[in-house]
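Student: Add chain B to chain A, keeping to what the hints say.
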Amino acid sequence: MPEPALPPDTSQGSGPMPEPMLDVVGLHKTYPGDGRPVEAVRDLTFRLEHGEFVCVVGPSGCGKTTLLKCLAGLMAPTSGRVELAGRPVTGPPADLAVVFQEYGRSLFPWLTVRANVELPLIEKGTGKARRRELVEESLAAVGLSGSADAHPWQLSGGMQQRVAIARAVAYEPAVLLMDEPFAAVDAQTRGDLEDLVRDIWRRLDVTVLFVTHDIDEAVYLGQRVLVLSAAPTVLQEEVRVDLPEERDQLDTRKDPRFAELRAWAYAEIQRAKADVHRSGAGPRE
Amino acid sequence: MTAAPAARTSDARTSGAAPAAAHPALLGTAGALVFLALWEAAPRTGLVDARALPPLSAVVPELVDRASGAAYWIAVGDTVAAAGLGLAIALAAALALGFAVGSVPVLRAYTASTVEFLRPIPSVALIPVAVLLYATDIRSTLLLVVYASFWQIYIQVLYGVADIDPVVEQTARSFRFGRAARVRHVIWPSALPYVLTGVRLGAAVALILAVTAQLVIGSPGLGKQIQAAQAGGAVPAVYALILTTGALGVLVNVGVRALERRVLRWHPAVRGEAPV
Chain A
1 MPEPALPPDT SQGSGPMPEP MLDVVGLHKT YPGDGRPVEA VRDLTFRLEH
51 GEFVCVVGPS GCGKTTLLKC LAGLMAPTSG RVELAGRPVT GPPADLAVVF
101 QEYGRSLFPW LTVRANVELP LIEKGTGKAR RRELVEESLA AVGLSGSADA
151 HPWQLSGGMQ QRVAIARAVA YEPAVLLMDE PFAAVDAQTR GDLEDLVRDI
201 WRRLDVTVLF VTHDIDEAVY LGQRVLVLSA APTVLQEEVR VDLPEERDQL
251 DTRKDPRFAE LRAWAYAEIQ RAKADVHRSG AGPRE
Chain B
1 MTAAPAARTS DARTSGAAPA AAHPALLGTA GALVFLALWE AAPRTGLVDA
51 RALPPLSAVV PELVDRASGA AYWIAVGDTV AAAGLGLAIA LAAALALGFA
101 VGSVPVLRAY TASTVEFLRP IPSVALIPVA VLLYATDIRS TLLLVVYASF
151 WQIYIQVLYG VADIDPVVEQ TARSFRFGRA ARVRHVIWPS ALPYVLTGVR
201 LGAAVALILA VTAQLVIGSP GLGKQIQAAQ AGGAVPAVYA LILTTGALGV
251 LVNVGVRALE RRVLRWHPAV RGEAPV
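Line by line, the protein sequences are chains A and B. Quick note on numbering: the first sequence equals residues 1 to 285 in UniProt numbering. Quick note on numbering: the second sequence equals residues 1 to 276 in UniProt numbering.
Chain B extracted, bound-state conformation:
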């Protein structure tokens, strides 16, 4: 379920404008209800083993029970903190490097092959390195989260910095804008939609990697709780925690979308009209 926000991001811009036959939110709710009903029915009818997938009605009370205890919220907090902090570090680094490298074509060409090599390395392949360096400390999680989400944002920043409208550029030059004004009024607004797309992609990846790191390395958080529940044979608890990570993913995506709409309300893609 944690992968859902990442998968939905690809068609984000295009799907918003297409008119739907029925109200999309209504359809979405109906779809979710059918999914939950199937979940309930599958183990009850013996389609799947109830020990591997307990029915929804067994998971929900478990979730409610856990949510009334402090340990659950501490785990949620740890996961959100690791993902959030990692994302913030990745964003800062990607902005600084992306603006610097993106504004100098030579530097960009010089680093392109290295970036193309480093970028596809799965962050989870770095788990041994993280454990060697930081054991089960939060820094292990951060290393994985930062590595994974950095590339998502960095690549977007590079594209954004390169995608400057020549008319805007000439306008700024003809009015003799200084370096600072050019960055603020020409480069930054042009890059901003890309940056926010990068943040949206990076946030989903950050959450995935935070849970993965906790699950595999055992640093504190929801991942570690899932691992502990699984070791103790508490299958409904495992699903209750998985549901929690899914809910976090949805919240993150909704949050970044709202931020996008707010920050980019002047942007043609948000106002829903073509530029002249």
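For reference, chain A alone in the conformation it holds in the complex:
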């Protein structure tokens, strides 16, 4: 069977679709600056189906963080709407968890690893026995069962980000948002963490939106990659990653299809950067 030619097929298929897990419609965000409002996100519409793993890439300063904050309910969009499993997002939803890039600041340094993972569950009102179970399970899932009683700052950067992932997973979210989670760890650790996230996603029934600036990472991890334009952001292009489900740091990255996809995404991002000069509406960097 021949490989599909570029540009790749991005259609969602036809017929009645099940309710999307995450539905973003006409999202627009303008920051009211001092006399000069900055339009960060112009118009974004996309959806994540239940159990999907979608990566978002774009040129730097393209409003990825703005998008993520709107999805997480941490910031209200200027217009447009975000729905999680059919319910509009007006504040941080109960069935969503965020993993931030800055693990060193996102983890509570005065609490042990175990207490860090447990705290959101206490706040959620989870019973003690169930809490213990969830903490054990999630720490085991990220390979940190032995470090439960350490403090985060006693661990390496990669291990700290594992703690943050365990904390998010223990929260039992339907949707996991990850904001450039591996941007601050070294390359080898990064590969391990990528495989860990893929592994957790496949084992647990969770929908993942993974924001990154790294094209390789996006193609390696995702089932689908959304390419954002430069600010003011629109959805520039999207691609279905038709790589085998079983991914491997060596073999997948050697796959000619992987090279094609990353070349395509790279070209799209270059185009996104070039487009901003033509539109003329972009904020100054």
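Calculated directly from the structure, the hints in this document are not laboratory data. Where hints are given, some of them may not hold.
What the hints assert, rightly or not - To give an idea of the interface, some chain B residues facing chain A are shown, with a C-beta separation under 7 Å as derived from the structure:
#1 V167
#2 F175
#3 R176
#4 P189
As the list claims (entries may be wrong) - Sample of chain B residues lacking proximity to chain A, with all beta carbon distances greater than 12 Å (derived):
#5 A37
#6 A42
#7 P128
#8 D137
#9 G218
To be verified - Across the chosen pairs, the derived CB separations fall in these ranges:
#10 B:L107 to A:G80: 33 to 41 Å
#11 B:L107 to A:R47: 40 to 48 Å
#12 A:G61 to B:W188: 29 to 37 Å
#13 A:D43 to B:L107: 47 to 55 Å
Note that the structure is a prediction, hence the values are computed from the model and not measured. The beta-carbon is built from N, C-alpha and C at its ideal position, and this holds for glycine as well.
Tutor: Using the frame of chain A, we list chain B on its own:
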């Protein structure tokens, strides 16, 4: 000598990390020995009048003599109690007000000018007020101590409450922390290093004001003893008591430092590494 702890606090955080050529404790001890030797030598060589500054060898026996009597320890107790109680009241008030005002930006802006006016008023300027209100009662001392140390802590609490890491804030919000959990796990730990700095500054000021009040107003304590010794022409006793206040100042500073290291052992400044 009582001013020494206050002066040393300014460079506290930075000096700890810098590598010294020799062991700092060793250098400190050597410096103190030289100072004591100079003290001994100055009156003996006639550099200063021995009636104004008796040599160390005359002061130490006086101190030993006083320390073997109950009156001395009662005076020490009175001074420590006045400074400690005043500091505790100031801390409680500064925490309550600082958290309340600091969490509401409008309220903070509304009170800023008043605070900036009240804060620089020297506490000693309130001595007439204290005497009018409470005569030589311990409450006179407390008024001065509380006023002086309150501002030290209050300003720190205001800064601390405002210095919340946005990532910590967003983490707490994304996990839907309630009001109580936000105060306990977001605001309080962020403010704590500032609070302890405030306590350290406030403790030094509290001791200074306690001794001042006793000295000037005559409420019981080391200050009153110094005044009495001076009136009686017992110059070595005056110095013995001054040495005592200095020692108290050092003890307070060492104590608060130890508390800081213990309570903030998770803090980057204490663990001595940069946050990621």
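Student: Can you name, in rising order, the numbers of the hints this structure does not satisfy?
Tutor: 13
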